[in-house]
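Asks: Sequence:
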Amino acid sequence: MNIEPSKKMSIFEPAIFGDLKAAAAAKQAAGYEVYDLSLGSPDLPPDEKIRKVLSEQSFSEHSYGYMLSGTKRFNEAVADYYNRRVNVTLNPQTEILQTMGSQEGLVHLPIAFCNEGDIVLTTNPGYVAYDAGIKLAGAVPYYMNLTEENGYLPDLDAIPEEIAYKAKLMILNLPGNPVPAMPNEAFFGKVVAFANKYNVIILHDAAYSEFYFSGDAPSSFLTTPGAMEVGMEINSLSKSFSLAGTRIAYLVGNAEMISIMKQLKSNLDFGIFSPIQEAGITALNNAEEITDRLRQLFAERHQVLMQGIMDLGWTVAPSNGGMFVWAKYPYDMDDKEFAFEVIRQTGVVTVPGTVFGSEGAGFVRVALVQDVETLKKAVEQLKTLNLENCATLVNN
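Start counting the sequence shown at 0; every next residue gets the next number (numbering that gives the first Met the number 0).
These are calculated hints, taken from the structure and not from any lab test.
Some hints could be false.
[What the hints assert, rightly or not] Heads up, simulated DSSO-like pairs for lysine-lysine below, C-alpha to C-alpha not over 27 Å straight-line:
1) Lys376 to Lys134
2) Lys7 to Lys134
3) Lys71 to Lys26
4) Lys20 to Lys261
5) Lys134 to Lys71
6) Lys261 to Lys26
7) Lys261 to Lys7
8) Lys382 to Lys20
9) Lys6 to Lys134
10) Lys48 to Lys71
11) Lys335 to Lys382
12) Lys261 to Lys134
13) Lys6 to Lys51
14) Lys20 to Lys71
15) Lys261 to Lys71
16) Lys165 to Lys261
17) Lys26 to Lys375
18) Lys6 to Lys167
19) Lys7 to Lys335
20) Lys20 to Lys327
21) Lys167 to Lys261
22) Lys51 to Lys71
23) Lys26 to Lys48
24) Lys327 to Lys376
25) Lys327 to Lys261
Quantities reported herein were computed from a predicted structural model and do not represent experimental measurements.
Sequences are here, hints too, so could you generate the full structure?
Replies: Here it is as structure tokens:
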């Protein structure tokens, strides 16, 4: 039999994460300790209240039917959460849609709104799922570069008029992955004005909205005047509530856009296991208590890792949120070669910046997914890095 992949498979390159894991496993097999700071998967378990509900509901013999969509109770919990946390009023029936994790929603959304050849404004660097969805839809990405000079926020004024008028969709992610830049009201105000001028749908990925370390929480896009008329926000319970493996998230915002996504989703799946929905309800209803405790832990991790990396002489993108440190290393060396050399010499696993786009050259993404003592050990290991024979020190 001659088995050939479809032409569409050519748009998907093999992910580097498997190779990073293999390199880490080889280091560990040789008897060395490994410090895995690659994947942004929470290392802490969900709150006991959440686990108890999931366990009890899973035992019920009535919990195993098709769900078709999010339950009324789940949608109401999302609406109440938005009302409490950001003072945004949502209609649970028309302005909320459950998704099987935010990645599923992100990948499918361009299919619902973009025709072949439509332009999607997205960031460089940016989360890899955005490109996957754009390419599946047959759309064309236009990259808004995230630079230090612009505070790692997209420069909307730099988008050519001919591109802006052709654009169908803009995807934003603040605080971001891999760059944890924070949103502000003034920037989101410019986004709404841009959307109205050029008739562009806005999707804000708010996966890290509960990950801030001091001061006020990041702005929700939907708090911006006019945002409900031009866009949506997607949020996941994966990061905020340590529920990554349960794959539960939601889209909120413009009712007409949500309706279009509902139509697509009705052809793709039969909903999320009801005990997981009940666990999600418990998480949302207890968000203040749960996320306050997690923020204290991650704030300490963030400070230790950020300061430790800066003490190495690396440059770190300023951040007060998110789950990552975006670090520029001071060596003239390809970022992928650098990441694998770091594993070989130190056992510290990071992600090369160009995985997220060409603007990631010279950077690595480092995740806050180990306890403070482990992060301190990882920094100590990085101090032993010796690249004399394979890299030139860059004069910062």
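Asks: Against each hint, give a clear statement of whether it holds in the structure.
Replies: Verification of the hints:
no. : hint             : in the structure
1   : Lys376 to Lys134 : violated, 40 Å
2   : Lys7 to Lys134   : holds, 9 Å
3   : Lys71 to Lys26   : violated, 49 Å
4   : Lys20 to Lys261  : violated, 37 Å
5   : Lys134 to Lys71  : violated, 33 Å
6   : Lys261 to Lys26  : violated, 46 Å
7   : Lys261 to Lys7   : holds, 25 Å
8   : Lys382 to Lys20  : holds, 22 Å
9   : Lys6 to Lys134   : holds, 12 Å
10  : Lys48 to Lys71   : holds, 21 Å
11  : Lys335 to Lys382 : holds, 19 Å
12  : Lys261 to Lys134 : holds, 21 Å
13  : Lys6 to Lys51    : violated, 46 Å
14  : Lys20 to Lys71   : violated, 40 Å
15  : Lys261 to Lys71  : holds, 15 Å
16  : Lys165 to Lys261 : holds, 25 Å
17  : Lys26 to Lys375  : holds, 19 Å
18  : Lys6 to Lys167   : holds, 25 Å
19  : Lys7 to Lys335   : holds, 26 Å
20  : Lys20 to Lys327  : holds, 22 Å
21  : Lys167 to Lys261 : holds, 19 Å
22  : Lys51 to Lys71   : holds, 21 Å
23  : Lys26 to Lys48   : violated, 38 Å
24  : Lys327 to Lys376 : holds, 20 Å
25  : Lys327 to Lys261 : violated, 41 Å
Checked against the numbered hints above, the structure breaks hints 1, 3, 4, 5, 6, 13, 14, 23, 25 and satisfies the rest.
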